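Chemist: If you read the sequences in order, they're chains A and E. Be aware that the first sequence starts at 399, since it is given in my numbering, and climbs by one per residue. Be aware that the second sequence starts at 284, since it is given in my numbering, and climbs by one per residue.
Treat the hints as calculated values from the structure; they're not laboratory data. Since we're looking at a predicted model, the values are computed, not measured. Where a beta carbon is used, it is the ideal one built from N, C-alpha and C, also for glycine. Take these hints with a grain of salt, some might be off.
[Stated by the list, open to error] Which stretches of chain A does chain E cover? Using the computed rule of at least three CB atoms under 8 Å from a CB of chain E, they are: (1) 431-437; (2) 505-518; (3) 830-837; (4) 842-849.
[What the hints assert, rightly or not] From the structure, some residues in chain E lie toward chain A, with a derived Cβ separation under 7 Å: (5) C325; (6) E338; (7) A471; (8) E472; (9) C477; (10) L509; (11) R512.
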Amino acid sequence: MSHAPLAAQFIADRPRATWHDQTLWFVRSKRDKAAQALPEWEELRECAAAIKAHTVAHLADYLEQFERAATNRGATVHWARDAAEHNEIVLRLLQQHQVRRLVKSKSMLTEECHLNPYLERHGIEVVDTDLGERIVQLAGEAPSHIVLPAIHKKKEDVGRIFHEHLGTAAGATDPNYLAEAARHHLRQKFLQADAGLTGVNFAVAETGGIVVCTNEGNADLGTSLPRVHIASMGIEKLIPRAQDLGVFVRLLARSATGQPITAYTSHFHGPRPGGELHLVLVDNGRTAILGNDEFRRSLNCIRCGACMNTCPVYRRSGGHSYQTSVPGPIGSILAPARDPQTHYDLPQACSLCGSCSDVCPVKIDLHHQLLSWRRELAQLGFLSASKRLGMQAMSFVFQRPGLYRTAGRVARWLVPKLPRALVYNRFNPWGRQRELPEFPRQSFREQLAARRRRGQSHER
Amino acid sequence: MPTVGLFIPCYIDQLYPRVGLATVDLLERAGFRVEYPEDQTCCGQPMANTGCTAEARPLAERFLTLFGGFDYVVAPSGSCVAMVRCHYDEYLAGRPGFDELKAKTFELCEFLVDVAGVAQISHRFPHRVGLHQSCHGLRELRLAQSSELVAPAYGKAQQLLQLLDGIELVTLARPDECCGFGGTFAVAEEAVSCMMGEDRIHDHETAGAEIMTANDMSCLMHMAGLIRRQKKSLRVMHIAEILAGYPV
Ligand code: SF4
Chain A
399 MSHAPLAAQF IADRPRATWH DQTLWFVRSK RDKAAQALPE WEELRECAAA IKAHTVAHLA
459 DYLEQFERAA TNRGATVHWA RDAAEHNEIV LRLLQQHQVR RLVKSKSMLT EECHLNPYLE
519 RHGIEVVDTD LGERIVQLAG EAPSHIVLPA IHKKKEDVGR IFHEHLGTAA GATDPNYLAE
579 AARHHLRQKF LQADAGLTGV NFAVAETGGI VVCTNEGNAD LGTSLPRVHI ASMGIEKLIP
639 RAQDLGVFVR LLARSATGQP ITAYTSHFHG PRPGGELHLV LVDNGRTAIL GNDEFRRSLN
699 CIRCGACMNT CPVYRRSGGH SYQTSVPGPI GSILAPARDP QTHYDLPQAC SLCGSCSDVC
759 PVKIDLHHQL LSWRRELAQL GFLSASKRLG MQAMSFVFQR PGLYRTAGRV ARWLVPKLPR
819 ALVYNRFNPW GRQRELPEFP RQSFREQLAA RRRRGQSHER
Chain E
284 MPTVGLFIPC YIDQLYPRVG LATVDLLERA GFRVEYPEDQ TCCGQPMANT GCTAEARPLA
344 ERFLTLFGGF DYVVAPSGSC VAMVRCHYDE YLAGRPGFDE LKAKTFELCE FLVDVAGVAQ
404 ISHRFPHRVG LHQSCHGLRE LRLAQSSELV APAYGKAQQL LQLLDGIELV TLARPDECCG
464 FGGTFAVAEE AVSCMMGEDR IHDHETAGAE IMTANDMSCL MHMAGLIRRQ KKSLRVMHIA
524 EILAGYPV
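Construct the complete structure from the given sequences, taking the supplied hints into account.
Modeler: Right, dumping it as structure tokens:
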């Protein structure tokens with residue numbers, strides 16, 4: 399199903415859709431306050447965009463530098479061309495170490511690669527340890543947001559899920575009680591785990607180190623207890639120097655949740671004593687985007703989620719309506735690059751309001767890229783025949799002023815005379831909840847001509 | 284007397300003649316000669332926004348031919364002006380007269396403030412008014428500061444409205460949320476579009492507005508459609524109608 403009908407389903411439960419909108423708007427408001435507190439905010443954005451543009455332009459060099467530096471620190475670097483290769487590498491590593499139980503901290507990349515079901519098919523227990531991710535994992539769903547994976551769940555929903563899976567009291571909804579139960583449950587999982595997998599927020603080419611930002615400290619637990627740490631990252635996560643982190647860390651948490659910094663900003667430089675650190679660098683379509691002038695800037699993304707929180711469509715349609723691991727504006731740009739056949743509808747799920755472009759901490763011109771995708775996809779033949787025909791007809795009329803005038807006159811004369819059922823029916827989506835404008839007898843040009851004939855300056 | 288080529292978007296020509304007339308009045312009162320090129324139709328935005336560039340291109344070319352010769356080009360629409368200034372490059376870059384056309388094409392409020400220097404308006408408008416910031420005027424033309432950016436606040440439409448005696452501009456909870464019109468989006472994503480519109484209306488009602496105004500009639504057409512269906516008392520008026528002193 400495409401985005402529009404799924405969005406309509408989401409909105410059919412109007413109180414829930416309104417709650418979802420308001421919850422995310424609250425996050426956007428917190429972001430505004432945090433950003434407004436830094437007078438140099440726009441300078442930071444400029445700087446971040448410039449660093450990313452530079453890095454992406456020299457990506458091959460920085461990747462090699464990173465590999466050398468990380469290897470020198472005792473980490474092992476693996477390269478994965480696509481999702482399948484990534485999953486195979488992870489599985490091989492786990493099998494080599496006889497891992498039965500894996501704890502994961504947040505990683506959108508592993509969502510993108512569908513790692514969990516793959517590992518489970520191979521007999522490995524995978525536990526997402528981020529609270530939100532654990533909630534959706536227990537519910538058998540995908541995250542609906544990249545920073546707030548369970549944002550579509552109300553506390554009543556969480557109470558039900560925990561009652562069923564963790565044995566909490568029936569009907570319990572107190573967030574503290576539920577969080578405590580989850581903490582207890584996860585502690586067991588941490589202790590039992592044979593390996594930990596994390597995502598990566600930033601990888602520093604100069605030092606070979608990686609940085610993981612979390613609010614729950616679960617990445618630290620998941621990498622301190624088991625001996626083996628696997629970190630999966632897209633190749634666009636690189637930044638050149640350690641000092642560049644100052645720019646990005648300041649932008650990331652403020653943009654994501656309005657916090658000055660995430661509760662934990664964990665730096666990993668090589669494996670801990672007696673342990674192993676494996677870095678899996680994944681392409682999965684990224685170099686194809688890199689080669690495209692129009693969409694290259696989408697690789698700047700630091701996955702802060704701000705474009706989702708601000709998107710008036712996302713807030714009212716929910717993350718699942720996008721049917722892709724990264725939803726919202728940035729997801730609607732990345733998904734068709736990977737698979738236009740499946741995701742060609744996403745760039746149209748946008749009113750082109752442009753709020754995402756102004757909120758984005760790395761200044762991706764998101765709404766212009768969405769517009770470019772519409773053009774690209776239309777050229778690839780992914781425009782519905784009805785839309786294409788409609789636009790051809792409109793263009794034909796608009797190129798012929800006489801025909802345009804006549805068509806306008808006929809419509810303004812005819813439509814008001816038609817019986818209501820002929821105008822308002824299932825073929826007219828405009829009229830399902832909206833009235834058409836009242837058609838005036840005379841167009842502007844007719845009235846202006848009449849006024850000028852009369853030599854009046856005014857007609858009211 | 285400098286001459287303004289009046290650019291009236293197709294749907295205003297056909298459906299909202301009063302907005303066009305108010306625009307003429309405002310420009311003439313500001314001391315400009317107004318000419319209306321009879322052969323104009325549509326700027327091509329619906330086609331361009333659907334990705335149909337082949338269908339949009341001839342309309343962009345016509346536009347340059349029709350409007351290239353004026354001192355200024357002015358339209359009562361941020362969205363259609365944004366099409367010319369921000370999106371015609373794809374069709375017209377390098378054409379003689381195109382850079383000049385971009386530089387002299389203005390949205391009405393922007394023109395009144397920046398070019399005509401309108402500093403007073405004589406009539407009264409004793410009403411509580413909510414200003415809906417239409418997105419393309421806001422984030423493409425930068426007619427006001429958008430709420431996402433950390434930069435000094437300003438607003439050209441607001442500046443003009445405040446010249447009216449007796450007007451009270453209400454404070455909205457969400458200063459510049461999209462109304463959900465979005466061209467073909469309004470029908471392709473009908474459910475989201477209508478919910479966005481209703482939320483926008485609700486924000487105006489809660490703030491106590493009697494009248495909702497905007498630089499773009501397309502946003503108002505969408506919201507007026509919802510208002511009339513639900514028989515609400517909120518009225519909509521294009522900002523040109525208010526500034527020209529037309530009755531509510
Ligand atoms: S596109 Fe920009 S706003 Fe959206 S998630 Fe990426 S960095 Fe954040």
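Chemist: Hints first: check each against the structure and report whether it holds.
Modeler: Hint check:
1. 431-437: holds (count 4)
2. 505-518: violated (count 0)
3. 830-837: With 7 residues close enough to chain E, the hint holds.
4. 842-849: holds (count 6)
5. C325: holds (4 Å)
6. E338: Holds: closest Cβ of chain A sits about 4 Å from E338(E), inside 7 Å.
7. A471: holds (6 Å)
8. E472: Constraint on E472(E) satisfied, holds at 5 Å.
9. C477: holds (4 Å)
10. L509: holds (5 Å)
11. R512: With Cβ-Cβ at 5 Å, under 7 Å, it holds.
The structure shown violates just one earlier hint, number 2.
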